[in-house]
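J.: Heads up: the sequence lines are chains A, B, C and D, in that order. The numbers in the working numbering rise by one with no breaks, and the one at position 236 of the first sequence is 317. The numbers in the working numbering rise by one with no breaks, and the one at position 75 of the second sequence is 156. The numbers in the working numbering rise by one with no breaks, and the one at position 37 of the third sequence is 47. The numbers in the working numbering rise by one with no breaks, and the one at position 239 of the fourth sequence is 249.
Read the hints as simulated data drawn from the structure, not as lab findings. Worth double-checking, as some hints may not be accurate.
Restraint-style ranges between C-beta atoms, simulated for each label pair [claimed, not checked]: (1) B:ALA346 to D:THR242: 47 to 57 angstroms; (2) A:ARG248 to D:ASP134: 20 to 30 angstroms; (3) A:GLU179 to D:VAL226: 39 to 49 angstroms; (4) A:GLU179 to B:ILE277: 42 to 52 angstroms; (5) B:ALA211 to A:GLU216: 22 to 32 angstroms; (6) A:SER174 to D:ILE130: 48 to 58 angstroms; (7) A:SER268 to B:ALA356: 53 to 63 angstroms; (8) B:VAL359 to C:GLY131: 45 to 55 angstroms.
Listing some non-contacts, in silico: residues in chain D with all C-beta distances to chain A over 12 angstroms [said to hold, decoys possible]: (9) GLY44; (10) CYS61; (11) TYR133; (12) LYS137; (13) ARG139; (14) ARG213; (15) ALA214; (16) GLY224; (17) ARG227; (18) ILE228.
Yeah, the Cβ is synthetic: ideal placement off N, Cα and C, and Gly gets one too.
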Amino acid sequence: MIVPLRDAIRDLVRDGDTVALEGFTHLIPHAAGHEVARQGKRELTLVRMTPDVVYDQLIGMGCARKLLFSWGGNPGVGSLHRLRDAVEKGWPSALEIEEHSHAGMAAAYAAGAANLPFGVLRGYRGDLSAHTRVETVTCPFTGEELAAVPALRPDVAVVHAQQADLRGNVQLWGILGVQKETVLAASRAIVTVEEIVDELQPRPGAIVLPSWVIDAVSLAPGGAHPSYSHGYYDRDNDFYVAWDEISRDRDRFRAWMQRHVLDTADITEYHASLAAEVATA
Amino acid sequence: MIVPLRDAIRDLVRDGDTVALEGFTHLIPHAAGHEVARQGKRELTLVRMTPDVVYDQLIGMGCARKLLFSWGGNPGVGSLHRLRDAVEKGWPSALEIEEHSHAGMAAAYAAGAANLPFGVLRGYRGDLSAHTRVETVTCPFTGEELAAVPALRPDVAVVHAQQADLRGNVQLWGILGVQKETVLAASRAIVTVEEIVDELQPRPGAIVLPSWVIDAVSLAPGGAHPSYSHGYYDRDNDFYVAWDEISRDRDRFRAWMQRHVLDTADITEYHASLAAEVATA
Amino acid sequence: MSTNGDGGFSADEMMAVEAARRVADGTVCFVGIGLPSLAANLARRTHAPDCVLVYESGTIGAKPTKLPLSIGDGELADTADTVVSVPEMFAYWLQGNRIDVGFLGAAQIDRHGNLNSTVIGDYDHPKVRLPGGGGAPEIATGVRDVFVMLRQTPRSFVERLDFTTSVGDRVRVVVTDLGILEPHDGELTLVGVHPGVDVEDVRAATGWDLRIAGDVRITDPPSDVELSALRTLEPKGRA
Amino acid sequence: MSTNGDGGFSADEMMAVEAARRVADGTVCFVGIGLPSLAANLARRTHAPDCVLVYESGTIGAKPTKLPLSIGDGELADTADTVVSVPEMFAYWLQGNRIDVGFLGAAQIDRHGNLNSTVIGDYDHPKVRLPGGGGAPEIATGVRDVFVMLRQTPRSFVERLDFTTSVGDRVRVVVTDLGILEPHDGELTLVGVHPGVDVEDVRAATGWDLRIAGDVRITDPPSDVELSALRTLEPKGRA
Numbered sequence: 082m083i084v085p086l087r088d089a090i091r092d093l094v095r096d097g098d099t100v101a102l103e104g105f106t107h108l109i110p111h112a113a114g115h116e117v118a119r120q121g122k123r124e125l126t127l128v129r130m131t132p133d134v135v136y137d138q139l140i141g142m143g144c145a146r147k148l149l150f151s152w153g154g155n156p157g158v159g160s161l162h163r164l165r166d167a168v169e170k171g172w173p174s175a176l177e178i179e180e181h182s183h184a185g186m187a188a189a190y191a192a193g194a195a196n197l198p199f200g201v202l203r204g205y206r207g208d209l210s211a212h213t214r215v216e217t218v219t220c221p222f223t224g225e226e227l228a229a230v231p232a233l234r235p236d237v238a239v240v241h242a243q244q245a246d247l248r249g250n251v252q253l254w255g256i257l258g259v260q261k262e263t264v265l266a267a268s269r270a271i272v273t274v275e276e277i278v279d280e281l282q283p284r285p286g287a288i289v290l291p292s293w294v295i296d297a298v299s300l301a302p303g304g305a306h307p308s309y310s311h312g313y314y315d316r317d318n319d320f321y322v323a324w325d326e327i328s329r330d331r332d333r334f335r336a337w338m339q340r341h342v343l344d345t346a347d348i349t350e351y352h353a354s355l356a357a358e359v360a361t362a
Numbered sequence: 082m083i084v085p086l087r088d089a090i091r092d093l094v095r096d097g098d099t100v101a102l103e104g105f106t107h108l109i110p111h112a113a114g115h116e117v118a119r120q121g122k123r124e125l126t127l128v129r130m131t132p133d134v135v136y137d138q139l140i141g142m143g144c145a146r147k148l149l150f151s152w153g154g155n156p157g158v159g160s161l162h163r164l165r166d167a168v169e170k171g172w173p174s175a176l177e178i179e180e181h182s183h184a185g186m187a188a189a190y191a192a193g194a195a196n197l198p199f200g201v202l203r204g205y206r207g208d209l210s211a212h213t214r215v216e217t218v219t220c221p222f223t224g225e226e227l228a229a230v231p232a233l234r235p236d237v238a239v240v241h242a243q244q245a246d247l248r249g250n251v252q253l254w255g256i257l258g259v260q261k262e263t264v265l266a267a268s269r270a271i272v273t274v275e276e277i278v279d280e281l282q283p284r285p286g287a288i289v290l291p292s293w294v295i296d297a298v299s300l301a302p303g304g305a306h307p308s309y310s311h312g313y314y315d316r317d318n319d320f321y322v323a324w325d326e327i328s329r330d331r332d333r334f335r336a337w338m339q340r341h342v343l344d345t346a347d348i349t350e351y352h353a354s355l356a357a358e359v360a361t362a
Numbered sequence: 011m012s013t014n015g016d017g018g019f020s021a022d023e024m025m026a027v028e029a030a031r032r033v034a035d036g037t038v039c040f041v042g043i044g045l046p047s048l049a050a051n052l053a054r055r056t057h058a059p060d061c062v063l064v065y066e067s068g069t070i071g072a073k074p075t076k077l078p079l080s081i082g083d084g085e086l087a088d089t090a091d092t093v094v095s096v097p098e099m100f101a102y103w104l105q106g107n108r109i110d111v112g113f114l115g116a117a118q119i120d121r122h123g124n125l126n127s128t129v130i131g132d133y134d135h136p137k138v139r140l141p142g143g144g145g146a147p148e149i150a151t152g153v154r155d156v157f158v159m160l161r162q163t164p165r166s167f168v169e170r171l172d173f174t175t176s177v178g179d180r181v182r183v184v185v186t187d188l189g190i191l192e193p194h195d196g197e198l199t200l201v202g203v204h205p206g207v208d209v210e211d212v213r214a215a216t217g218w219d220l221r222i223a224g225d226v227r228i229t230d231p232p233s234d235v236e237l238s239a240l241r242t243l244e245p246k247g248r249a
Numbered sequence: 011m012s013t014n015g016d017g018g019f020s021a022d023e024m025m026a027v028e029a030a031r032r033v034a035d036g037t038v039c040f041v042g043i044g045l046p047s048l049a050a051n052l053a054r055r056t057h058a059p060d061c062v063l064v065y066e067s068g069t070i071g072a073k074p075t076k077l078p079l080s081i082g083d084g085e086l087a088d089t090a091d092t093v094v095s096v097p098e099m100f101a102y103w104l105q106g107n108r109i110d111v112g113f114l115g116a117a118q119i120d121r122h123g124n125l126n127s128t129v130i131g132d133y134d135h136p137k138v139r140l141p142g143g144g145g146a147p148e149i150a151t152g153v154r155d156v157f158v159m160l161r162q163t164p165r166s167f168v169e170r171l172d173f174t175t176s177v178g179d180r181v182r183v184v185v186t187d188l189g190i191l192e193p194h195d196g197e198l199t200l201v202g203v204h205p206g207v208d209v210e211d212v213r214a215a216t217g218w219d220l221r222i223a224g225d226v227r228i229t230d231p232p233s234d235v236e237l238s239a240l241r242t243l244e245p246k247g248r249a
């Protein structure tokens, strides 16, 4: 149940899987994403409402075959250059995209969690409907037409949380995003946590994921960086700004990934590597 | 915003309205139901997943034209005799029923809260589908057939909560039931509370309903009795047992309602009246 | 309350014990009130300490110290791992296939395990209007295994239901006050009788021509451990 | 950063102030990051203390003391009346018609208020792949009034969008760095210019033959109160 992150990714993420590393600006599972890159997973279909730096990294490293998303940018900064390079120039490899709206993806995750084949919403006006998987359903009572999106059922859900207890029950709080739906919609679930405690103390605004809906819990303190863990550390806004420069150039991107991710063994070495760079700068 | 319960019921509940006094064994809005009976509202369509004593009282007093429900019993005790008398013998007046399953009503409330015309679920196998409003929808992606229920959009939602603040924001915790969906699905919302505090202190497991989705907040300490308010008082299990006897006989039922509800002005007098009866017993 | 012979335990206790014995450790159980709650809590207090009790009121992982009188008793929320809304419970947890075992009772059962908890007589002109299905229709199709607990009489074990509230596809066992029935080729078959009960008693208490297994075993009576655990759970007045 | 004449305030500040002035007290605002967040927070700090800020990250009633850099900054959750999941936010609160005003930006706008934030060039072979619609398509159809904030150039105010990300039905006002446009009979019409801006400047910055209202008013410059409130909100480096 509680295993090293290396083992969790090795045993539960397979080449070709559909993998959702979710997190809505908060609790983004960077440590798990880095481990996916270290292990050189390939042909993944990456799913996330708001792919940001960690997906930019996985796409730039050639781990992904397809991206299913609803907003792909660097929040508050601008574009994701590795994502753009893959979509616009096919580097390092062509990236198929399936694009939705936030409302559509949220409904699709909820449908997956509820074991329904589709989600229903009022939406998808505009041109996107001609370029993605959305259909129409008619209300059998009113005759109204609504949008239907196919349920999201990832092979693997990966989320980051503040705490797990010794039995593997998980508690997260602050901005909750779509993490509960992602875990419940997926066939397998990996949760990284800031700390493992003897017993969870209920928190206002928290949700609890019982151990029996999770396949692996891995300790990864600082594992959301440059995102944040509410109550543990703040968002590294400077890193998001810096990423714009780092990711613009293919070679600089690769050198950065080599130094801070591929050449580090885990989240602890990753943070040490970043600190060393600052020290020598 | 914060008004006496008498005024809230007078101004917001109209004869002929569809009214949902919700509460799933916990936080059942008895005080509000009693005020509806005192004001002699008529021709109501009463909606609730688990109509119990308070709906037995309103039906026995002839306030209801129709009942939409999914389980109509006295929890842990047995039947609701006033409900049965109305359904089986039309006393005091015929009662139309629209029956659903819990899963169906939960989906219908959620659809109403989401401003969708119908809810989708895997369900309604068995004979009920031939006797209620349920249709079939086909998944446009898989071809699977699923059950569709019409969204619930009550004219008025009535719920009970532990606390409101001075601005009318409401917090409730413990068993949450379907109260949030009921309030968000309804055109008008009334919330009775155990106490009004200067500021809400966030609680583990609590939900907050902001004042701008509520039309009236009324102070009603003990307003859930014989149900309970988590953290304030326990469920009066003996009352539920006693109700089986009180409600069996039409005259005894009417005498009880006259003494403890119609002849009392509010929740405080109701509790005093019950206490006086015990004292003289 | 009836007891079987002079075993010193009630029919309800025998039913609860026999149902509890079928709950494997770690099982996630969707529990209603009454005997099912008694059985599931007994399992957790004896051989299945890690079985998870889920009540439709939204409490997941409840650990009540005494048997709740309603599915919404406060102690269920106080002791739960988490409490979710009722819509989430039915959508994400029950329909989401997260529940292993669901317990159901009813007023009537037929040989296929279909249940009636809705009405006796005609739906539109009922002789007896029962509380209704509640969660049962979707529990019966949403859990992996359905355990039915029901007292056995010709009026409850009927040739034809007055109303089908839930379907029997996933019924794995029916525990009655007389014995144990399991589906063989889709038809409920007597596979066990409780101490002091004859096969003929069970046949006589069944409204259809009851199929009898080749080897009908006799249920082990409740052990002292089971009985004492049971009686610490039971509220005054029961059993 | 550009300033209009020598008013001592930036174009962004003028835009934020003009948008904020349109937020009535008590309005429930669905807020994105950047200028919309600046405008909504400015309104709350000045004439609309009871306006409610809802961020799509799930924070309802957020009261940030400084402008968040992302819609998910921790302070939004710390100061919110409540935090809900993202699926609940879009289903119950946005689609549920609980939001009065939604702010949108974009890379392109047409004369009908349709917006493009998806792609420049062909969708399948883009010249520039933009981040995409995110919440915009359903914000544009789920709120009562859409306020658009967008810098005005011939490349952003175009005759024909490369891609329609969201539809303009509910666009009530477009606040640019040059002036104010409002729909008249479904076509965006210039109704105001900021201090130091000529109508001809705006016409030249528009990629279609811009309709001009009969009486084009001149925007009041930001007041000292507005500017000081604005500058306490702005993070270092902006404006």
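J.: A separate judgement is required for each hint: does it hold in the structure or not?
T.: Comparing the hints with the structure gives:
Separation of ALA346 (chain B) from THR242 (chain D) is about 52 angstroms and conforms to the stated range, judged on CB atoms against 47 to 57 angstroms. Distance hint check for ARG248 (chain A) and ASP134 (chain D): the Cβ-Cβ separation is about 49 angstroms, which falls outside the suggested range of 20 to 30 angstroms. Evaluation of the 39 to 49 angstroms hint for GLU179 (chain A) and VAL226 (chain D) yields a pass: the beta carbon distance comes to about 45 angstroms. Hint check: GLU179 (chain A) to ILE277 (chain B), Cβ distance near 50 angstroms, so the stated range 42 to 52 angstroms holds.
Look at ALA211 (chain B) against GLU216 (chain A): about 29 angstroms separates their beta carbons, and that is inside 22 to 32 angstroms. Between SER174 (chain A) and ILE130 (chain D), the C-beta spacing of about 23 angstroms breaks the proposed range 48 to 58 angstroms. At about 57 angstroms, the beta-carbon gap between SER268 (chain A) and ALA356 (chain B) stays in the expected band of 53 to 63 angstroms. Distance hint check for VAL359 (chain B) and GLY131 (chain C): the Cβ-Cβ separation is about 39 angstroms, which falls outside the suggested range of 45 to 55 angstroms.
For GLY44 (chain D), the requirement that its beta carbon stay farther than 12 angstroms from each beta carbon of chain A is not met, with the minimum near 7 angstroms. Distance to chain A confirms CYS61 (chain D) as a non-interface residue, since its nearest Cβ pair spans about 21 angstroms, more than 12 angstroms. With a least CB separation of 6 angstroms from chain A, TYR133 (chain D) falls inside the 12 angstroms interface cut-off, contrary to its annotation. Under the 12 angstroms C-beta cut-off, the non-interface status given to LYS137 (chain D) relative to chain A is violated; the minimum distance is some 8 angstroms.
Some Cβ of chain A comes within 12 angstroms of the Cβ of ARG139 (chain D); the nearest lies about 5 angstroms off, and the non-interface call is violated. No beta-carbon of chain A comes within 12 angstroms of the beta-carbon of ARG213 (chain D); the shortest separation is about 28 angstroms. Separation of ALA214 (chain D) from chain A is adequate, the least Cβ-Cβ distance of about 27 angstroms exceeding the 12 angstroms criterion. No beta-carbon of chain A is positioned within 12 angstroms of the beta-carbon of GLY224 (chain D); the least distance is around 32 angstroms.
Residue-level check passed: ARG227 (chain D) sits 32 angstroms from the nearest beta carbon of chain A, beyond 12 angstroms. Against chain A, the non-interface label of ILE228 (chain D) holds: every CB pair exceeds 12 angstroms, the least being about 33 angstroms.
Taken one by one, the earlier hints fail for this structure at numbers 2, 6, 8, 9, 11, 12, 13, listed in ascending order.
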